[in-house]
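**Q** Read in order, the letters of the sequence shown correspond to residues 1 to 876 in my numbering.
Hints in this document: simulated from the structure, not taken from any laboratory. Any given hint might turn out to be false.
[Unchecked claim] In silico DSSO-like cross-links for lysine-lysine, where the CA-CA straight-line distance does not exceed 27 Å:
#1 K163 to K361
#2 K361 to K421
#3 K745 to K818
#4 K452 to K102
#5 K131 to K142
[Claimed, not checked] Simulated DEER-style distance windows between Cβ atoms:
#6 E326 to L374: 55 to 61 Å
#7 H23 to K452: 51 to 57 Å
#8 N542 to E178: 21 to 27 Å
#9 A863 to N542: 44 to 50 Å
#10 K163 to L374: 23 to 29 Å
C-beta atoms are modelled at their ideal positions from N, C-alpha and C, and glycine is treated no differently.
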Amino acid sequence: MDIPSKYNALSVENKWYDYWMEHKYFHSTPDDREPYTIVIPPPNVTGILHMGHMLNNTIQDVLIRRARLLGKNACWVPGTDHASIATEAKVVAKLKAQGIDKNDLTREEFLEHAWEWTEEYGGVILEQLKKLGCSCDWDRTKFTMDDDMSEAVIKVFVDLYSKGLIYRGYRMVNWDPEAKTTLSDEEVIHVEKQGLLYYLEYKVEGSDEKLTIATTRPETIFGDTAICINPNDERFTHLKGKKAIVPICGRVIPIIEDEYVDVEFGTGCLKVTPAHDENDKVLGDKHQLEVIDIFNEDASLNSFGMHYEGQDRFVVRKAITKELEEAGILVKTENHINKVGTSERTKAVIEPRLSDQWFLKMEDLAKPAIDAVLKTGEVKLFPKKFENTYRHWMENIRDWNISRQLLWGQQIPAYFYGDGKEDFVVAETIEAALKLAQEKTNNSALKIEDLKQDTDALDTWFSSWLWPMSVFDGIRNPENEEIKYYYPTNDLVTGPDILFFWVARMIVAGYEYRDEKPFENVYLTGLVRDKQRRKMSKSLGNSPDALKLIEDYSADGVRVGLLLSSAAGNDLMFDEALCQQGKGLGNKIWSAFYLTNLWDVEDIEQPQSSKIAIEWFESKFQKVLLEIEDHFSKYRLSDAIMAIYKLINDDFASWLLEIVKPAYQQPIDSKTYNAVMVIFEDILKVAHPFMPFITEEIWQTITDRTPEEALIVSKWPEAKPINETLISEFEFATEVISGIRNIRKQKNIAFKDAIGFSVVNNENVNTTFDAVITKLGNLESFEYVTEAVEGALTYRVKSNEYFIPMEGSIDIEAEIEKLTEELKYTEGFLKSVQKKLSNERFVAGAPEQVVASEKKKEADALAKIETIKASLASLK
Numbered sequence: 001m002d003i004p005s006k007y008n009a010l011s012v013e014n015k016w017y018d019y020w021m022e023h024k025y026f027h028s029t030p031d032d033r034e035p036y037t038i039v040i041p042p043p044n045v046t047g048i049l050h051m052g053h054m055l056n057n058t059i060q061d062v063l064i065r066r067a068r069l070l071g072k073n074a075c076w077v078p079g080t081d082h083a084s085i086a087t088e089a090k091v092v093a094k095l096k097a098q099g100i101d102k103n104d105l106t107r108e109e110f111l112e113h114a115w116e117w118t119e120e121y122g123g124v125i126l127e128q129l130k131k132l133g134c135s136c137d138w139d140r141t142k143f144t145m146d147d148d149m150s151e152a153v154i155k156v157f158v159d160l161y162s163k164g165l166i167y168r169g170y171r172m173v174n175w176d177p178e179a180k181t182t183l184s185d186e187e188v189i190h191v192e193k194q195g196l197l198y199y200l201e202y203k204v205e206g207s208d209e210k211l212t213i214a215t216t217r218p219e220t221i222f223g224d225t226a227i228c229i230n231p232n233d234e235r236f237t238h239l240k241g242k243k244a245i246v247p248i249c250g251r252v253i254p255i256i257e258d259e260y261v262d263v264e265f266g267t268g269c270l271k272v273t274p275a276h277d278e279n280d281k282v283l284g285d286k287h288q289l290e291v292i293d294i295f296n297e298d299a300s301l302n303s304f305g306m307h308y309e310g311q312d313r314f315v316v317r318k319a320i321t322k323e324l325e326e327a328g329i330l331v332k333t334e335n336h337i338n339k340v341g342t343s344e345r346t347k348a349v350i351e352p353r354l355s356d357q358w359f360l361k362m363e364d365l366a367k368p369a370i371d372a373v374l375k376t377g378e379v380k381l382f383p384k385k386f387e388n389t390y391r392h393w394m395e396n397i398r399d400w401n402i403s404r405q406l407l408w409g410q411q412i413p414a415y416f417y418g419d420g421k422e423d424f425v426v427a428e429t430i431e432a433a434l435k436l437a438q439e440k441t442n443n444s445a446l447k448i449e450d451l452k453q454d455t456d457a458l459d460t461w462f463s464s465w466l467w468p469m470s471v472f473d474g475i476r477n478p479e480n481e482e483i484k485y486y487y488p489t490n491d492l493v494t495g496p497d498i499l500f501f502w503v504a505r506m507i508v509a510g511y512e513y514r515d516e517k518p519f520e521n522v523y524l525t526g527l528v529r530d531k532q533r534r535k536m537s538k539s540l541g542n543s544p545d546a547l548k549l550i551e552d553y554s555a556d557g558v559r560v561g562l563l564l565s566s567a568a569g570n571d572l573m574f575d576e577a578l579c580q581q582g583k584g585l586g587n588k589i590w591s592a593f594y595l596t597n598l599w600d601v602e603d604i605e606q607p608q609s610s611k612i613a614i615e616w617f618e619s620k621f622q623k624v625l626l627e628i629e630d631h632f633s634k635y636r637l638s639d640a641i642m643a644i645y646k647l648i649n650d651d652f653a654s655w656l657l658e659i660v661k662p663a664y665q666q667p668i669d670s671k672t673y674n675a676v677m678v679i680f681e682d683i684l685k686v687a688h689p690f691m692p693f694i695t696e697e698i699w700q701t702i703t704d705r706t707p708e709e710a711l712i713v714s715k716w717p718e719a720k721p722i723n724e725t726l727i728s729e730f731e732f733a734t735e736v737i738s739g740i741r742n743i744r745k746q747k748n749i750a751f752k753d754a755i756g757f758s759v760v761n762n763e764n765v766n767t768t769f770d771a772v773i774t775k776l777g778n779l780e781s782f783e784y785v786t787e788a789v790e791g792a793l794t795y796r797v798k799s800n801e802y803f804i805p806m807e808g809s810i811d812i813e814a815e816i817e818k819l820t821e822e823l824k825y826t827e828g829f830l831k832s833v834q835k836k837l838s839n840e841r842f843v844a845g846a847p848e849q850v851v852a853s854e855k856k857k858e859a860d861a862l863a864k865i866e867t868i869k870a871s872l873a874s875l876k
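Using the sequences provided together with the hints, build the complete structure.
**A** Here it is as structure tokens:
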């Protein structure tokens with residue numbers, strides 16, 4: 001058959017992906033096979049493929065393709081997440097560019113725009129995953145805002161509310177002033193920032209005394225409702241029961257006492273702003289202080305901010321600092337490092353804010369999830385080190401704030417029928433809500449028009465925590481065939497940054513709604529970083545275009561490149577050279593196939609060298625197969641691909657094919673050829689999960705295959721006995737062959753010139769591989785002797801001595817002349833070094849490492865002179 005000498009990845013990848021899709025190899029339905037299930041961590045519907053996605057999804061595809069080869073019913077469910085904050089922000093920005101203000105639209109009108117956006121841009125990332133070779137069951141693609149998915153979310157909300165686990169409360173929450181929504185604690189990233197500590201003077205009412213207060217936020221003085229001192233602080237005992245005056249606004253506030261105040265921090269006096277600090281709110285509740293909210297929802301100041309009304313908080317901070325300084329109220333400032341809460345999505349600085357929100361009680365719900373990971377081991381984390389992180393989060397869990405002030409998302413199914421805070425009911429539909437409201441109020445005259453649904457949407461994670469169940473309709477229809485067959489799923493592959501956001505919550509939901517784990521194993525990948533260890537991001541400009549990488553290095557090359565340096569849980573230092581290495585492996589496989597395709601095959605006798613080489617490689621393959629399976633069991637995919645890399649590059653291409661290939665213009669015997677092709681097919685099978693495209697191309701080119709015989713649905717190689725002795729003997733033989741090749745290279749003995757060979761077999765090595773050594777060394781004779789051979793070049797492997805006769809192999813006179821010249825040069829070099837070392841001033845004055853370097857040069861020169869003299873003696 002005619003095959004190109006070079007591999008064309010672009011045409012091959014498109015061809016085989018279309019073929020796999022056409023024959024529905026990715027699609028799964030329940031049958032009598034063992035299921036193997038992965039649910040994709042749903043990327044944001046607005047997302048595009050980046051390096052983190054590439055790594056994460058390559059790992060999933062490797063696992064799913066191997067499961068198919070093992071004969072399992074492999075099901076990989078793809079989908080996207082509606083990503084409330086991110087998507088709404090993009091839609092708002094698009095509307096703004098069109099001159100439309102979100103606030104001028106009804107909910108229904110805004111949602112129309114959001115769905116238009118989703119239909120236009122949503123799912124782009126899933127199409128890009130196909131370029132990477134991802135074998136998802138695309139017929140099962142889900143979106144967290146699909147009707148059935150939303151119904152499941154609402155059903156769970158109503159159920160948890162009926163169990164008393166969801167409640168509405170007026171609490172201090174994390175407020176994102178850019179997205180204008182509350183966030184859960186886990187969505188707040190605390191960033192260390194350099195700021196200032198401002199020392200302000202507050203007058204004590206009715207006296208000339210002033211109190212100095214240290215604060216990081218001078219703009220919040222408009223919300224001050226007390227000054228707090230520690231009752232045990234003798235500096236301030238005379239102030240008990242007195243009042244202070246807030247600068248600028250002149251409000252009179254009480255001076256209260258509480259041991260909460262740290263006497264060592266700042267001045268030992270604390271200004272209390274209950275509306276804008278969680279700890280101050282606790283103090284305020286305890287001492288029944290007034291609560292004054294000074295901010296609008298965009299973090300600009302409201303009317304309480306007086307002449308700063310309408311200005312942004314950070315603008316006000318600068319302006320009020322100047323005003324306080326001019327008024328003599330600002331005593332001084334000091335540099336102060338502070339951990340500032342920022343929004344994970346918008347990066348805006350978070351404001352603590354009091355508001356009515358919905359919360360889910362987590363303490364009791366978390367207990368089965370804690371046990372599953374930390375006690376029973378029903379759910380295993382890889383690597384195990386993340387158990388400590390999991391323990392810390394779960395054992396310190398707080399109630400989950402599940403409401404968001406957004407339009408895009410599942411609208412909270414709470415219906416208000418009056419003005420009171422408790423005048424609401426919770427139900428799956430407005431019709432069911434009406435019935436409940438009529439019963440609650442004992443008023444049958446209530447109508448649907450009297451009900452107003454809560455305008456808030458649910459946190460995105462409140463839909464994705466149901467993902468492994470909802471994709472199989474396990475919430476709405478818990479007894480259906482698919483949820484019983486595919487659930488619990490097998491492996492979850494995700495990043496450690498969402499271990500709590502998503503992984504832990506899915507485990508919680510699994511035990512609450514199916515009384516079992518949602519998955520068995522969690523493989524936590526590391527972050528993809530650049531060579532400078534920086535996290536890859538658009539803002540830094542250090543993240544390569546994923547599709548361009550595939551175009552340049554092939555999908556197989558990128559997949560291998562990513563996995564070669566991606567140990568579970570450890571960050572990957574990405575370098576394009578890794579992709580080049582992956583592409584190089586593909587080229588090596590293709591070159592090996594091209595070589596075998598050039599051979600003429602005839603029914604002739606099999607050489608002994610080929611026979612023993614086949615036997616050795618079959619055992620070697622089985623040994624590597626065991627290693628690969630062990631690596632898979634421990635989720636060490638980087639080690640698995642490295643084992644395959646060495647098997648192909650070293651054992652197969654560099655050794656086996658070199659041993660069995662026929663002499664120039666000579667045929668290969670059919671027995672050897674057939675055995676090599678069986679071996680090649682086994683190699684393609686183990687490489688296929690990592691390099692699906694090139695392996696399928698070669699598999700289908702070796703011989704005509706029916707769709708049922710495609711590599712993607714073939715069978716993983718079976719374990720067979722391993723001959724360890726044969727493997728060990730071959731390793732010894734490779735050292736013998738390397739010795740011959742080194743001498744040929746050093747002495748310029750052409751490989752086409754056959755040479756004699758003798759061995760003193762002190763190691764009692766078997767003669768098993770003598771035929772292989774004879775062929776690869778191009779030996780005209782191979783003798784076992786008991787004494788050293790005179791006039792021969794020699795080398796050792798362990799205690800064995802090997803001899804290559806010089807006569808006829810090299811020009812002795814030319815070699816003597818060459819060695820004599822080399823000896824003369826080395827003796828001259830030695831003399832110059834020794835002259836330097838005999839100079840006391842040099843030895844005493846030069847740095848220690850320089851003197852040590854010269855002494856090493858002396859020792860190396862002496863050793864070389866001894867070797868050259870021995871060689872000359874042998875030649876003469």
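**Q** Could you work out which of the previously given hints the structure breaks and list their numbers from low to high?
**A** none
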